[in-house]
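Listed in order, the protein sequences are those of chains A and B.
Sequence positions in the first sequence follow this note's numbering and run 17 to 355.
Sequence positions in the second sequence follow this note's numbering and run 27 to 196.
Source of the hints: derived by calculation from the structure; they are not laboratory data.
Everything numeric in this text was worked out from a predicted model, so none of it was measured.
Mixed in with the good hints, there may be bad ones.
To be verified - Some but not every residue of chain B turned toward chain A, in silico, with C-beta under 8 Å:
#1 64
#2 76
#3 80
Here a beta-carbon is modelled for each residue, glycine too, at the ideal position from N, C-alpha and C.
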Amino acid sequence: MSPELASLLRILAAVGLMLMNGVILIYMLRRVLGRLHQRLGPVHVGPQGLLQTPMDVLKLLTKEDITPTNVDKALYFIAPAAVFTPSLMAYAAIPFSPTWMVTDLDTGLLYTLVVMSLVSMGLLMAGWASANKWSLIGGMRSVGQHIAYEIPLLLSVLPVVMYVGTLNLSSIVEAQSGTWLGILPQWFITNPLFWPAFIIFIVSALIKVNQTPFDMSEAESELVAGFATEYSSMKFGLFFLSEFSNSFIVSALAVTLFFGGWTLPFVPDEVLAPIAPVVFMLKVYVGIFVLMWIRGTLPRVRMDHLMQFAWKILIPAVLTWILVFGFIIKLFDLGRPVG
Amino acid sequence: MGESVNTLAFLVMALAAIGGAVGMLTSRNIMYAAFWLLWTMLSVGGLYLLLSAEFLALIQVMVYAGAVSVLMLFVIMLTLRRREDAVRSLDFSPSAALLAAVFLGIMYYGISNATFPEVALLAEAPNTADLGVVLFTMEGGWLLPFEISALVLLAAMVAAVWWTKGQDRR
């Protein structure tokens with residue numbers, strides 16, 4: 017198979033995964049939130065309501081595509097694509113197994129975070145183009161919080177990079193194989209040194225997922241539906257898909273950086289090799305479940321509190337932690353650079 | 027890596043970058059101008075990628091394309107009372123035109139008289155790890171300049187924060 021064809025197939029596989037993921041996650045979200053809110057969620061269409069989301073997708077696809085009269089036509093059309101494309105691009109560097117990945121980037125970690133940061137630009141575009149004050153406020157909130165939380169997010173992964181000395185996501189996963197004294201898996205989460213970084217990572221990553229407690233950009237009790245107010249049909253579908261895809265990417269990053277990626281403790285490599293993608297997907301879905309749990313449990317915070325928390329607490333905290341962490345690993349020579 | 031970069035890919039990226047810059051200058055809506063600037067920054071990032079400078083490309087996207095969003099926020103927050111305000115009126119300023127003409131002349135003179143070194147692309151492009159070795163180790167030789175520039179930037183940042191503190195500072 018020619019390399020071009022292989023790359024094309026990999027990209028198509030990423031698109032397929034993203035679409036499938038969207039459908040599955042919508043169902044999962046409804047059931048999990050239903051459970052958390054002590055109600056049923058979808059149960060009528062198909063067994064256990066399983067066919068509800070495919071039907072909803074069909075509905076979304078066949079709905080009339082309404083373009084409001086006063087919108088900024090060009091930007092209104094580009095915005096859904098500008099949101100969707102970075103979300104899709106973010107799949108490129110995620111390692112599903114030692115061999116299953118779209119491309120093995122040396123700068124995979126940086127790439128994923130940079131590409132994810134472009135999503136908010138599309139949201140601002142949508143907010144502006146909609147010619148609607150709620151949409152505009154939603155878009156501006158989205159960019160404001162992304163700028164604020166981008167910094168702690170990027171800095172919170174630095175301890176991992178300092179520890180293993182690489183930005184390559186596969187190498188970061190490989191550094192986490194094996195066990196501590198045969199008891200605990202050697203994932204970074206089992207090492208107390210990484211706990212502060214992990215907490216900061218999760219808090220800032222919740223912003224990327226754009227859901228309660230941090231769904232300021234579409235807070236329905238304040239902004240109707242925020243940036244998505246004027247969008248209908250599949251244009252709205254693309255926003256939706258991108259949002260679910262982002263929660264997948266965030267969970268995949270957390271799994272890769274802190275929970276050992278595709279590795280499992282006590283399992284020999286020969287056994288692990290064929291099931292590695294399954295292991296990875298299971299871990300990611302557990303992560304997504306936790307994100308949904310947070311969503312169903314916590315109330316929405318206030319916008320000014322959100323910004324103050326980022327600039328006045330999170331950023332100083334993460335800067336201090338990087339300094340302390342650097343001293344610790346240099347003084348006790350703890351770093352384990354790979355390759 | 028071949029002898030030179032892919033011509034077609036280069037043409038697409040270069041035209042996109044130039045087209046974006048022209049679009050930015052000619053669009054009268056400042057929001058459009060900001061989005062064209064974003065487009066240009068992304069295209070320049072693509073050009074870096076063609077030269078196998080992936081770290082530079084990512085930093086370009088993160089820093090410059092990221093800064094555009096801040097720019098747009100300021101555009102919206104500071105200048106727009108009404109949506110229509112986003113469209114600038116055309117006003118001709120002779121002094122600005124003169125300045126632009128002088129700048130164009132200098133640039134034209136400089137570029138037409140410059141001799142560009144012809145360097146073949148390296149057989150194997152240095153990767154991000156090599157960059158790290160150059161910047162962060164004593165053997166790389168650039169550790170001291172790197173640290174000094176970091177210190178200068180830090181001082182600038184602290185000064186900026188100090189200035190924004192307002193009246194209660196002494």
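Right, here's what the structure says about each hint:
1. Proximity of residue 64 of chain B to chain A holds as hinted, the smallest CB-CB distance being about 7 Å (cut-off 8 Å).
2. Taking 8 Å as the C-beta cut-off, the interface hint given for residue 76 of chain B is violated, the closest approach to chain A being about 16 Å.
3. Because the smallest distance between the Cβ of residue 80 of chain B and any Cβ of chain A comes to about 6 Å, under 8 Å, the interface hint for this residue holds.
Violation of the numbered hints given earlier is confined to hint 2; every other hint is satisfied by the structure.
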